[in-house]
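**Student:** Residue numbers (this note's numbering), protein chains in the order written: chain A, 1 to 276; chain B, 1001 to 1730.
Bear in mind the hints are in silico, worked out from the structure with no lab data behind them.
Quick reminder that beta carbons are idealized off the backbone N, C-alpha and C, glycines included.
Just to be clear, a hint being listed does not mean it is correct.
[Claimed, not checked] Below, a sample of chain B positions facing chain A; criterion: calculated Cβ distance under 8 Å:
no.: 1; residue: Ala1543
no.: 2; residue: Gln1544
no.: 3; residue: Thr1600
no.: 4; residue: Thr1640
no.: 5; residue: Leu1644
no.: 6; residue: Glu1652
no.: 7; residue: Asn1653
no.: 8; residue: Arg1660
no.: 9; residue: Thr1663
no.: 10; residue: Glu1666
no.: 11; residue: Thr1719
no.: 12; residue: Glu1721
no.: 13; residue: Ala1724
[As the list claims (entries may be wrong)] Computed far set for chain B versus chain A, every beta-carbon distance over 12 Å:
no.: 14; residue: Arg1070
no.: 15; residue: Thr1254
no.: 16; residue: Glu1628
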Amino acid sequence: MGFELVAPRSPEEAFRLLEEGAGAASVLAGGTDLLFDLDRVTTAPRRVVSLRHLPWRGHAWQGDTLVVGSTEPLYELERDGSVAARLPGLHTAIRAVGSRALRHRATLGGNLARAAPASDLLPILLALDATVEIAGPAGTRRMELDRFLLASRTTALRPPELIRSVTVPAAPSVYLWQRVRPANDISQVGVAIAHPGPAVYRIAVGGIVPRPRRLPGAEAGLLSDPPPGPERVRAAEEAAREAPFPSDRRATEEHRRRVVRALVERGLVHLAGGAA
Amino acid sequence: MIRADAPAKLEGRIRFGTDRTRPGMLWAALVPAPVAHGRIRQLDLDPARRAPGVVAAIGAAEERALLPGRGAEATPIFPGEIRYRNQPIAAIAARSLEEARAAARAVRAEIEPLPLLADLDSVLPGWPEEGLPADAPINAHVRARHGDVEGEFARADRVRRDAFRTSGVAQVPLEPHACIAWIEGEVWHVLTSTQSPFGVREDAGELLGLPPERLVVEGSWVGGGFGGKVAALVEPYALLLAAASGAPVRLALTYREEFQLTRSTLPARVWIASAVRGGHLTARTVRLLLDTGGSLPGRDFATGYAIAFLLGPYRLDAFEVEGYAVRTHKPPFGSHRAPLAPQCTFAADGHTDALARDLGVDPVAFRRAHVWTAGDRTALGQEVGPFGAAAALDRARALQEEWRRSMPAGTGLGVGLGYWSTGTGAGGEVRLSLTPERLTIHEGEREIGSGSVVRGLVAMAERTLGLPADRIVLEYGDTATAPYDAGVFGSRTLGALGQAVGAAAHELTAELGRRLGAAGPARLGVEGDELWAAADGRRSPIAQLLTPGERDHGGLLRTGRHYGRSGAIDPARVHAGEFYAYHDFTASVHLAAVQVDRETGQVTVLRYAAIQDAGRVIDPPTFRAQVEGGVAMGLGTALTEEMLWGPDGRLENPGLLDYRVPTLLEIPPIEVIPLEGFPGAGPEGAKGVGEPPIIPVPAAVANAVADATGVRLYELPLTPERVARALMAR
Ligand SMILES: Cc1cc2nc3c(=O)[nH]c(=O)nc-3n(C[C@H](O)[C@H](O)[C@H](O)COP(=O)(O)OP(=O)(O)OC[C@H]3O[C@@H](n4cnc5c(N)ncnc54)[C@H](O)[C@@H]3O)c2cc1C
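This is chain B alone, in the form it adopts within the complex:
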């Protein structure tokens, strides 16, 4: 059995958030704002209250009444000023879903429309050539610089400048956001489909003004997250409705709402210039405008992280980056598998590829000549640790030559190079309990589908304790009972919680060794139904090593914690905003083979290889699935996926018909090539691979299109129409 959750999932027995119910449960519907920016003059909930089956109808006034203890500075859940279209302005709980929806349609709102900031082009048309207007709606400003930038550009014998545009993309989990909320005395409870129960407790607690001990969050099985289920979204509405109605309330987004309300990657504009002297890349400057939608100032997490990817993983003598997070009337920016890294890498790596072609140098060799190896410094001054990029590029180059010989004429080959860091920083803790029959891993995360919990953590226990998987059980619990963990995101689960399993296992085997009277740690094993421990030639059934208390109450317990440390950046290089240091350095080098129809612009990916710097592969099938999934998802970003907003702030393609994720029929054979030997921040030197494999996909595909046609695309996604237009323009 590869995955313990597979049989139940295949047979439809797993209950995701959308499948859960509670006795006496009411059904909820949200009332969407009919404009993208406006002030609510009056909200009339009476027609909804009079509608059949309705138990509670709430808006901003009811919210204030329900949360008397909340501080005055808190952001309201139901807004006075609408910040994006379909933002919930009221919510209904009723005895049936149909009744809740009918009542939601009956709500009357008088709204004063306000001027709309639709997109980056209309908000900041002139930047970076022109300065910023004084009243520019800026959420964040970042700027960093090092070296003699102007001098390097003046001395350059070749300069290349490019401008790129990227689109908003949605996470598209098959299960929409769904939760059930109920109140027990002073304690508010929510069962929700989330990547981070503790994160939801923090977010929702802040919005509702509830301290951690008064809000309990339990995760359900998650039908896909991809970053979209990291922060609270539906929970505050359901909790308020539960408080207002006195009954459990279920709130699940419709699939249309899932698109309209999701917090995801929004459009960006990028400018990159590079200076080359004597064949050497010496300096690079970068400008970034990032649409952060209805995000609130001070909540930007992406700009400083993303902008560094635009410099590429290269040694540079001088650099300057500057970027703005811009407010528009869209839903807030949010996480999406390696937020913005695929988009930034499309720009940075495409620019580098084009620069090499300008110079008449093989693009892979050009990258290879400049890429970081251990001991180099990043632009921000952090020392680079073990990094597999150079080795992966060598591998890609050999593969490319092989493909070049065997594939039909006209095939374009492109290499993409991306990098990432395992996000072990946020804390994680697990508790192991050993009984005569089994080992139980108590932890706070539900499996989100990637296998990082049901497989990754179990594999770590197998490796560190020597027990077979069928003797290892996962026990989840809620935020009141489970050990703290930051969440299943940032490619961190194995890196952080896996280390915590290792640490707890270490304590456990040391204690068993002591109880055996041995000098060192014990090994565990199974015989028949019983577990045993052995050390220094002594061996005993576990049953005989436990105290009576342990035998009666949950076994021998040990806790493991992990809080990873990152390196440090050089603060002297940072001039504005926040930049971040990495925990490790993870390279992804991809090779794409494409065919381009020169008349229709259709790009067909024929073949694909992904070389993944893995540090150490802990569980080969899970590793492979993550890399294949990342490539498939990246092909969507590269070729077909794009959220289209109208000038009125309306999302024009809120559904799977016109928001096109790749189907199995478009996904080519993917060769997955693990690269070991460059250890990272995870257990045994493993590197997180949840996010990295999506990162270089758009770059590899666009570079392959350039190779096939001689024409470079500067805007994602590479739809047939964009490609055909670029080919015509030549």
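If we strip away everything but chain A, and leave its shape as in the complex, we get:
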């Protein structure tokens, strides 16, 4: 199906183009997800609004917080040594997304807006307490990621709103995942753990419906620093129990639980200085 491609130079122009095309306009960042929609005859958009010329690209540290423009390609974060050093979990998760070629195009904003249950970035951003900056015709608003994500492929964005940036506080962190094929496959489960302060652990999982989420029950049992073996095992078992795993063609619920249990324990060992 044919469509019109437009590339506005300002957010205001983008909002106007999206409002004009209401219902039949799509936002294009890296296009790695959108490309599938363009091929679906029934839902293909008539107008595609590219964000490439918006002044949102780039990332920078503000003290201990990383601010990432929504149109920043993942590869720019991957190759920045400060991201690997100060947000190791985020760095691992980024490297888990597709292939290097894909990461040259795929953006952080696109991953958030897609809100895929199997996203590799959402669990680690949840564990790190990321916040989303949303821009719209009426101005900008900020929201915790946990509130931004509503359900599979559903976010709190109200058209023609766009994600402008994402803010991620630095913390020791780890991300572990499992797939049938290690590269370029969809994760069956992803486990993210952040350890922002003494005896504080935040655990989030992906590969669950309707969307990735934190696991407060598993977090609650982690009281020591570092947690001793039995505490880690209890947290891992609680995580496997707590998360609402589906059975689908990629994995059974049973397998997802088994793997999450193993990965939560490994993540905690890793954060305590052991090998993951």
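For this one, chain A is given, so just place chain B with the ligand on it according to the hints.
**Tutor:** Just chain B with the ligand, lined up with the frame of chain A:
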């Protein structure tokens, strides 16, 4: 330059089937059946005909009208009874692809659903313990036997029985099936991406009721075949649309259709039992159920060939094999690089590996003690020719010891042993023409990517004539002009067409020798721009050796033919169905090193070695590429690739997202080790290596997993979930 086609391919200048166009061309779309089994009560094409841009909309009724001369017994192209989901029930030609697709969606069909045969488990749940139901949907039955099977099992001091399951796998060529059809007077033409122009002429001709002189097939460059482009698939629909519309029609499958309509390896179930006495393997029995999908009875080519691989390349005193090809509502069974051999070898070699471990014997030594060497007899009674298996096993054992010393603790090492035969049987012919400037090889095959045509045939001409590659040109032609060849499949191109090049070259040099007045054949050479021939101390430019007619009309022509002969099996051992004799005996012995995550079940292949019985390596880079490619593809069959059909006959993973072929990131370093000295059916004793290197991969990986964990997997592929479940169950 290693490959003459490389620059054009790297620069994107090669035009594959999907890239081809013709002036005035229409675009086609297929209308997929919405059920896997059903009877079409009524097909309403009018909404499609009224849709914008549509020039022709055809179904079964139009097919009959377009093919008045076709016999009544012919299988219809558009079915009355649907045999698999998405089977095309109608086709559209329109001025644009979008319009063709929109019109295809507008077609209305009234279909009476019929009961579904989804898979082997639901069709024949009880076999082999229970007998077959009288109305079992069987396409073929094979049975062979020799010796005192019951006696050997009764006398055995050890018996092992195993059951295995394997999955359907797709060929996954990057270029989907694509063709352009047009009609010129009485002659129907099709330009198509195929491994076998003459095979398509035969298949499509039969379906359309067209004799060979009324159907001309031209091959385009092929963007990968792997067995999927051997038979006709898209061509009959495009030809019918061309006849209906009066215009050239292009039909290319979407990538989703490529998965849904491909004829490939389907699931199998295998049972193997072996009897051992005094450390010797004495007898083996085998049962096989093979899903052959919507194949028609009498069209089975795989069961008798595949089932023999389950016996392994071993000396046996007694054996019995029995198998059924079962009809289900899936697309028909088709060829996939060494059809079913990787799956059967996973079962047979895994069983043998486990048996050796039961006996406390080194698995490689156990195979070595029983494997065929020249002069032995196969189970079916054929005399074994030169076979490199024993030498390859010795090599593998030494390598395994070396790896064992150097690799980290916990690494599992596994050896897999597979065998195959170069398929030189189907006929092949080439024509050579020599002009003062160059040698031209006229032949009927397009390069499918392996290099067997652009490199293999050229290398043969280089070797037999002494000319450099830059003076040798390939000329393809269509089925009306090119010499006959069966197709690029069965690891046969070098073995058959390469021999034909050699035979024609022999004629050419003999004739040039005569023209020089010499007693023996001439040698060829190049000086400046000119070719020359020399014999017995006489030397002359080619220009002076040609007749005026030859100089004006295409040069000195010579034809070479090759039709290989196989050995013979003992018919007394065959009790039902068809079994096949081999043209030669090609061994592949692989060594895999794996690490297994005991909690997640993830198998990582760390290192890999492939020892390939090659007879003689004609072109080392092409040989190496074939072996590496076979291993990579085999790793997919071993670890990640699996077609998943739902209970409604729907393919649930028709795309690269959930049908997982290995990426470069999962393919470990592969050591390719050629083994020469055991000649095969090809030129200079070469053995075909297109298929063999995929065969032992799943076995080697599964044997390595068993070595690492003590747990054996009985089902392909070895996904993390299957491995984790097996480890938990222990
Ligand atoms: C081969 C392949 C492998 C992949 N592997 C992985 C993987 O391993 N892990 C993983 O998590 N994902 C994976 N993905 C998914 C995808 O690459 C990521 O989700 C990516 O981050 C999306 O970013 P994009 O810039 O390409 O988004 P686009 O495709 O451009 O957009 C995605 C969606 O978000 C909307 N959108 C984009 N930017 C904004 C914005 N600023 N504001 C509002 N809406 C916006 C678009 O309208 C669209 O609906 C894979 C995809 C492919 C094709």
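**Student:** Look at each hint and say if it fits the structure.
**Tutor:** Status of each hint after checking the structure:
At its closest, the beta carbon of Ala1543/B sits 53 Å from a beta carbon of chain A; the interface hint therefore is violated under the 8 Å criterion. At about 57 Å, the closest approach between the beta carbon of Gln1544/B and any beta carbon in chain A exceeds 8 Å, and the interface hint on this residue is violated. With its C-beta approaching chain A no nearer than about 5 Å, Thr1600/B sits inside the 8 Å limit, and its interface hint holds. For Thr1640/B, the suggested interface contact is upheld, since its CB lies about 5 Å from the closest CB of chain A, less than 8 Å.
Satisfaction of the interface hint for Leu1644/B is found here, the shortest Cβ-Cβ separation to chain A being roughly 6 Å, below the 8 Å cut-off. Proximity of Glu1652/B to chain A holds as hinted, the smallest CB-CB distance being about 5 Å (cut-off 8 Å). For Asn1653/B, the suggested interface contact is upheld, since its CB lies about 7 Å from the closest CB of chain A, less than 8 Å. A least Cβ separation of about 4 Å between Arg1660/B and chain A falls short of the 8 Å threshold, and the interface hint therefore holds.
Interface hint at Thr1663/B: satisfied, since its Cβ lies 5 Å from the closest Cβ of chain A, which is below the 8 Å cut-off. Of the supplied interface hints, the one on Glu1666/B holds, with its beta-carbon coming within about 6 Å of a beta-carbon of chain A, less than 8 Å. For Thr1719/B, the shortest C-beta to C-beta distance to chain A is roughly 5 Å, which falls under 8 Å, so the interface hint holds. With its C-beta approaching chain A no nearer than about 4 Å, Glu1721/B sits inside the 8 Å limit, and its interface hint holds.
The beta carbon of Ala1724/B comes within 6 Å of a beta carbon in chain A, closer than 8 Å, and the hint placing it at the interface holds. No beta-carbon of chain A comes within 12 Å of the beta-carbon of Arg1070/B; the shortest separation is about 35 Å. Once the 12 Å rule is applied to beta carbons, Thr1254/B is inconsistent with being away from chain A; the minimum gap is 9 Å. Look at Glu1628/B: its CB is around 18 Å from the nearest CB on chain A, clear of 12 Å, so calling it non-interface holds up.
Checked against the numbered hints listed earlier, the structure breaks hints 1, 2 and 15; every other hint is satisfied.
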